[in-house]
Structure formats: C-alpha cells, structure tokens
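We have chain U already, so just place chains H and W on it with the hints.
Residue numbers (our numbering), protein chains in the order written: chain U, 3 to 129; chain H, 3 to 129; chain W, 3 to 129.
Keep in mind that the hints were calculated from the coordinates and are not lab data.
You may find that some hints are simply not true.
Identical chains blur together in the list; that is why a pair holds if it fits in one copy or across any two.
[What the hints assert, rightly or not] The calculated lysine to aspartate or glutamate pairs, modelled on DMTMM-like cross-linking and capped at a C-alpha distance of 25 Å, are:
{"no.": "1", "residue 1": "LYS101", "residue 2": "GLU89"}
{"no.": "2", "residue 1": "LYS23", "residue 2": "ASP98"}
{"no.": "3", "residue 1": "LYS23", "residue 2": "GLU42"}
{"no.": "4", "residue 1": "LYS97", "residue 2": "GLU42"}
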Amino acid sequence: MAYVDIVTILAVFQFIVFAMKVGRARAQYGIKAPATTGNEIFERHFRVQQNTAELLLGLLPGLYLFSRYWSPVIAAALGLVYLIGREVYAATYVKDPAKRSIGFALSFLPIIILLLGGLLGAVRALF
Amino acid sequence: MAYVDIVTILAVFQFIVFAMKVGRARAQYGIKAPATTGNEIFERHFRVQQNTAELLLGLLPGLYLFSRYWSPVIAAALGLVYLIGREVYAATYVKDPAKRSIGFALSFLPIIILLLGGLLGAVRALF
Amino acid sequence: MAYVDIVTILAVFQFIVFAMKVGRARAQYGIKAPATTGNEIFERHFRVQQNTAELLLGLLPGLYLFSRYWSPVIAAALGLVYLIGREVYAATYVKDPAKRSIGFALSFLPIIILLLGGLLGAVRALF
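Just chain U, same shape as in the assembly (with noise of 0.2 Å):
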C-alpha cells in the first residue's frame, strides 16, 4: 500500500500547493478576505482550487477501494497520472480557462476508472 499512500500524500499537498497560489494571488491582486471575486486571475487560481477539492473527493476513495480490490500499483500508477493532469490543467486554465479540457480529461479518467474498479471489485466481493 505504501506506492499509493504516496500518491494521495501527493496528491493532498498539490491540492495545498494550488491553495497556497490562491492566497498568493489573494495578496497580489488585493482581493481581501472574505470576497472571492472581483479580478479574473484571481478567480482563475480560485477555481482550479475548488474543482481539485472537488476531484479529491473521488480520488481518495477511489485509489483506497481500487488497491484493496485490485492492485494497489495500478492504483498509484492511475494516481500519477491524476497529479500529471491536474498539473497541467492549473497551468492552462490560469491562462486561457477555455483551454482546460485535456488537464481536465487526464486528471478525471484515471478517477472513472479507479471508482468502476473498485465497484467492479466490490459487486464481484458479494458472489
């Protein structure tokens, strides 16, 4: 279980990395605390923080049940892929947000997929 411990590790401290550009840009751009609008980088690095909120909540689980069903390299391996995506749709969508969508792909498949495993694997448990 260790390769995918690391990966959710990871996985938490990109989350914090993207909140921490947040508050960056909070600073930068004088969006003071408790307004989240009212300059678009801002919000762009706002947004990219929510939606990784977001997918964090299927990939915790979803790398937990797939490991436990299946293979817990596969599911680090599916995880790696997840923080590759993730990268590289915060990079884009602080640019150009219409851009997001292949980050967007390569971060949410490999949860698809872990989530299909583990409740193929699960469903599987109960005959």
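Only chains H and W this time, still in chain U's reference frame:
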C-alpha cells in the same frame, strides 16, 4: 464491507453527476469559467454540487467508522437513504430552493447517525 | 485507533457546526439560496466553512496515514491542536478576517506534520 464500498462509490458517482449538470448549465446559460454567478438556475445547480461535496466529507468517514464499530450492512442501508435524500434535494433545489428542506434532512440525518454511531463505538472501545 | 477515530468525528462535527452557522447567518442577514454573497458577516461565516472543508481534505487522510505508519495517539494529539486552531480561526475570522493568521497556522501546521509524517513512513516502508 462490500455493501458499504458500493454505497461509497455510488455516492461519489452521484456527486459527479451533479457536477456534470453544473457543466451543462454552464454551457446552457452561457456562464463562462471562472464565473460561478450570473444565472439563477446555474447557481442552483452549482449550490447542489457544493452542498453535496460538503456532505461527502461527513458521509465517507461516517460510513467507514460505523461499519468498523457496528455493522457494514446497517451503514450501507443508511447510505442508501442518503443517496435517495440527495436525489430529492437536488430535484427540489433546482425547481425551488425554498423547498430543499425535506431532501436535505433525508440526506443529512443518515450522516449524523453514522457519525454518532462511530463516535459511540470509538468511545466504548476505549474502556 | 479509537483516539484517532474520535478526533476524526469531532473534526467533522466541528465542520457541521460551522455549516450550521452559515445557515443561521443566511436567515439572519436575509441571503436567500442560492446566493452566497451580499452581506459581509454572512460571507465570513461562509468562508470559514469553505476553508474548513478544504483542510478536512488534508486532515482526514493525514490522521489515518500518520496513525498507520507511526502512532495513533500522536496523530490524535495533533488532531486536537487542529480542532483548537479551527475554533480560534473561526472566532477571529468572523470578527476581523485580517486577524485569521494565528488560528489558520494552528490548524494548518498539524495537517502538514501529519502528511509529512505519513509520507516519510510510506517512503521508509518501500525499503
């Protein structure tokens, strides 16, 4: 544990469906990313997704801990009530946010029971 | 593990209390769903809740992995610091968002220690 794992994954998939409806509403009402306001119906879909993300933070540990200290089958049954409650919540919220209370209660109460059960089990395990 | 499980559940209940305060502020300041802006005090409560949701995404895996690789008791103690830090954060944020730093640090640092500890434990387990 397989029943609980299935409900866990279904809850995440339900959340993903809510997220997809936000994406569709984004296109339909011309709300360009990173904006999350500007059309009432879009905002309703968005709030359904956000609120569901918040509940998942209670549901997932609740399912896991209730299963470990008490019964995976009862945990899964409570999770099933949550899933139905969330469907009611989403459907009523999008039609009229003022009528979201019943669906909210039906998805919130199972989480409270799961968490209180987990807490009781953990406290009892100390003695 | 019982200590960690108790802290996990307390952290989720604390988050639910923050969410309830958002609901109360919604009624008090007449912010009708799906709106999440329009009153400064409401927005502060809302941001406290949102920020806590984001931290839970790091805290919960951190507690679990630190417990597994090192010590559930130390993990629970760090979780206790987090709980106190969040109370400070919420109280100061609602009074004056500019003074949220100490409470934030007190709730953020335990998460970083938990995650770094988990990462170290997982990497060490590979060799």
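Structure-based check of each hint:
1. LYS101 with GLU89: within (13 Å within a copy, 32 Å between copies)
2. LYS23 with ASP98: both (16 Å within a copy, 22 Å between copies)
3. LYS23 with GLU42: This pair counts as both: shortest intra-copy Cα distance 14 Å, inter-copy 24 Å.
4. LYS97 with GLU42: within (11 Å within a copy, 28 Å between copies)
Of the hints listed earlier, there is not a single one the structure fails to meet.
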